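Top to bottom, those sequences are chains A and B.
Residue numbering for the first sequence follows my numbering, beginning at 1022 and increasing consecutively.
Residue numbering for the second sequence follows my numbering, beginning at 3 and increasing consecutively.
Any given hint could turn out to be false.
[What the hints assert, rightly or not] From the structure, some residues in chain A lie toward chain B, with a derived Cβ separation under 8 Å:
| # | residue |
| --- | --- |
| 1 | Ala1071 |
| 2 | Pro1093 |
| 3 | Val1098 |
| 4 | Ala1099 |
| 5 | Met1100 |
| 6 | Ala1106 |
| 7 | His1110 |
| 8 | Pro1123 |
| 9 | Phe1243 |
| 10 | Pro1282 |
[Claimed, not checked] The calculated EDC-like cross-link candidates involving lysine to aspartate or glutamate, where the alpha carbons are at most 20 Å apart (straight line), are:
| # | chain 1 | residue 1 | chain 2 | residue 2 |
| --- | --- | --- | --- | --- |
| 11 | A | Lys1094 | B | Glu172 |
| 12 | A | Lys1125 | A | Glu1174 |
| 13 | A | Lys1199 | A | Asp1230 |
| 14 | A | Lys1094 | B | Glu171 |
If you're looking for bench data, these hints aren't it; they were derived computationally from the structure.
Since the structure is predicted, the reported quantities are computational estimates derived from the model, not experimental observations.
All C-beta atoms in this analysis are idealised placements derived from N, C-alpha and C, irrespective of residue type, glycine included.
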Amino acid sequence: MSSIQLRNVVKRYGSVEVVHGIDLDISEGEFVVLLGPSGCGKTTTLRMIAGLEDVSDGELSIGSTVVNAVAPKDRGVAMVFQNYALYPHMTVRQNMEFALRPLKLDKSESDRRITETAALLGLDKLLARQPAQLSGGQRQRVAMGRALVRTPEVFLFDEPLSNLDAKLRTQVRLEIGKLHKRLGTTIVYVTHDQVEAMTLADKIVIMQDGHIEQIGSPQEVFTKPRNSFVATFIGSPAMNMVEAIVNDGTLIGDHLNVGIPERFSGRLEEGQKVIFGIRPSEIVQVSDAKQSTAKARVEVSEYLGDEALLDLRIGSQELIAEVPASQCPAEDVEIDVHFNPQALHIFDAKTGLSVDIQ
Amino acid sequence: MNRPGTQQTILVYVLLAIVLIVFLTPIYIILSSSLKPTPIMFQKPPAMIFAPTLEHYVSLFEARPFGKFIMNSLIVALGSTAFSLFFGSLAAYAISRIRHKRMNDVAFWILSMRMFPPIAVVVPYYIIFKATGLLDTPLALVIIYSTANIPLTVWLMKGFFDEVPSALEEAAAIDGYGLLRIFWYVTLPLAAPGLAVSAVFCFIFSWNEFIFALMLTGSNAQTATVAVMSFWSSDAVQWGRIMAGSFIILIPGVIFVLTCQRWLVRGLTMGSVK
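My request is simple: use the sequences and hints to build the entire structure.
Here it is, written out as structure tokens:
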């Protein structure tokens, strides 16, 4: 196990900078997920940790050693690639042996490790097969097995589940979680799937355009998003964002007014332009007009089984509400909705930063 | 797909027969002539049934050290093939992997060497080899043939290396391997069909080459192709020996191509990524 530190790490391709001076501390045994949309720099960051990309500027350490100039093979990392990258001319056993050979182990030790790992991942019966004879899920497990046999200090995963179908993805996700509990190895895991991030991570690093937007536990990034990007990126369906102006303890928006909760007092200025966010599950239909935050027209309702998603129109803006399916109103009717003030997130309209953290 | 009709099937077989006749007739003439006693060799119409004789084969080896010339040909052809595959695939790997805006120019420059008419440099080569003492040695031919074979190998192998997914090499790099070992254990085995194709082309070119071998070798390093033609003189053309020698020359090429054929399989990288 090793810790990893990134200090002001920059990645440039020619004159184009794709990762802009990021700082990140990963403790020993921690499961860290780099999460973000395509092109946010998460895979580039992972590849810099692996040593597959040079660090253009800044300092990258694994354990207590600066590894900027250390070759991938000497970093004590193992990596599971998005496309698995199994050696096609070798059997499953040979794939694992090939990964072990540079460690110069005894034949008996290397056999023991292969047997153990194969048993752990359910590969025992596949050892004599070649990658072309395996299904996608099996290849994925072989890729993990090949990384696992080396008992690395750090485990790197590059979107390992993105080529699997939905059911298999859930299953392998659970397996990866169990594996981490059992081995306790430091893991850095890249994904664009927030469900993977929320379920697996000890710590989520949310990235956008080569910057880190927020680092925190799954609960933190969900309940205390640092800015409007994180707020809308985490959670499905996405948080509703509404433009408003602070006026006498109330947020005045287009055809709606919301009272500002006590905890924001002193953090907002009169007349300040803000964006407030409310999660779809915090918008509820009320029958009492006194409790109503706004009148909303139900444009479309989407039935999902337990819940239904309502596409609401309030003034010129569209919002999504998540209600129990049993209470789903008819389409094209006007209903009274209430925004739970305790669940309100308020962001400065200019900077996008949460006023909670200012 | 519809089953082809009878007429189409017949047409296909007729075309195949024509192609086979065109390609196999010369070989038949070589083989049959080499086995015919001299008096009936040019009989008209050609004798289809005759008592075969090995006299031309025996006299071929008695008249000149033909075994040695075959050996020279083998040394030169295998030597140049090995030399070209070694340097050609290393160069191709570099061209395939190094990202540089001028890399295409380098690749084209290498290819352009093949466009040069080789006969133009026979005299300079003669002078160089005479000065270096390489005249009439197999090494001289190995060097010359390699200058033609390496560009071909580079271009063929570059295409095959381009097809090997870089993720495999990255995986090996993380698994603890350096550049040369990655090349040897991962990249090269996956480009084996390319090696086989290159080997066939290099071998056949070197084995068949005549002009350089004629001009730059004497009794010591003479190759089989040149030796066969030595039976063609202004006084007499010894057809029996020429035919026997020609038939023997055909054999190693066929064996070599058949040996390489088993590597000419597609889909070696299947199952590696995705």
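Evaluation of the provided hints:
Taking 8 Å as the C-beta cut-off, the interface hint given for Ala1071/A holds, the closest approach to chain B being about 6 Å. With its C-beta approaching chain B no nearer than about 5 Å, Pro1093/A sits inside the 8 Å limit, and its interface hint holds. The interface hint given for Val1098/A holds, since its Cβ lies 6 Å from the closest Cβ of chain B, which is under the 8 Å cut-off. The interface hint given for Ala1099/A holds, since its Cβ lies 7 Å from the closest Cβ of chain B, which is under the 8 Å cut-off.
Of the supplied interface hints, the one on Met1100/A holds, with its beta-carbon coming within about 5 Å of a beta-carbon of chain B, less than 8 Å. A hinted interface residue such as Ala1106/A counts as satisfied when its beta carbon comes closer than 8 Å to some beta carbon of chain B; here the least separation is about 4 Å, so the hint holds. Interface restraint check: His1110/A against chain B, minimum CB-CB distance 5 Å, threshold 8 Å, status holds. With 8 Å as the threshold, the beta carbon of Pro1123/A comes within range of chain B, its nearest partner Cβ sitting at about 3 Å, so the hint holds.
Hint status for Phe1243/A: violated, given a least beta-carbon distance of 33 Å to chain B, over 8 Å. About 50 Å separates the beta-carbon of Pro1282/A from the nearest beta-carbon of chain B, more than 8 Å, and the hint is not met. Of the pairs offered as hints, the one joining Lys1094/A and Glu172/B holds, with about 10 Å between alpha carbons and a cut-off of 20 Å not exceeded. The hinted pair formed by Lys1125/A and Glu1174/A meets the criterion: a straight-line CA distance of about 17 Å does not exceed 20 Å.
Taking the CA atoms of Lys1199/A and Asp1230/A, the gap is near 32 Å; set against the 20 Å cutoff, the hint is violated. Proposed proximity of Lys1094/A and Glu171/B is supported: the alpha carbons are some 12 Å apart, at most 20 Å.
In summary, the structure is inconsistent with hints 9, 10, 13 from the numbered list given earlier, while agreeing with the others.
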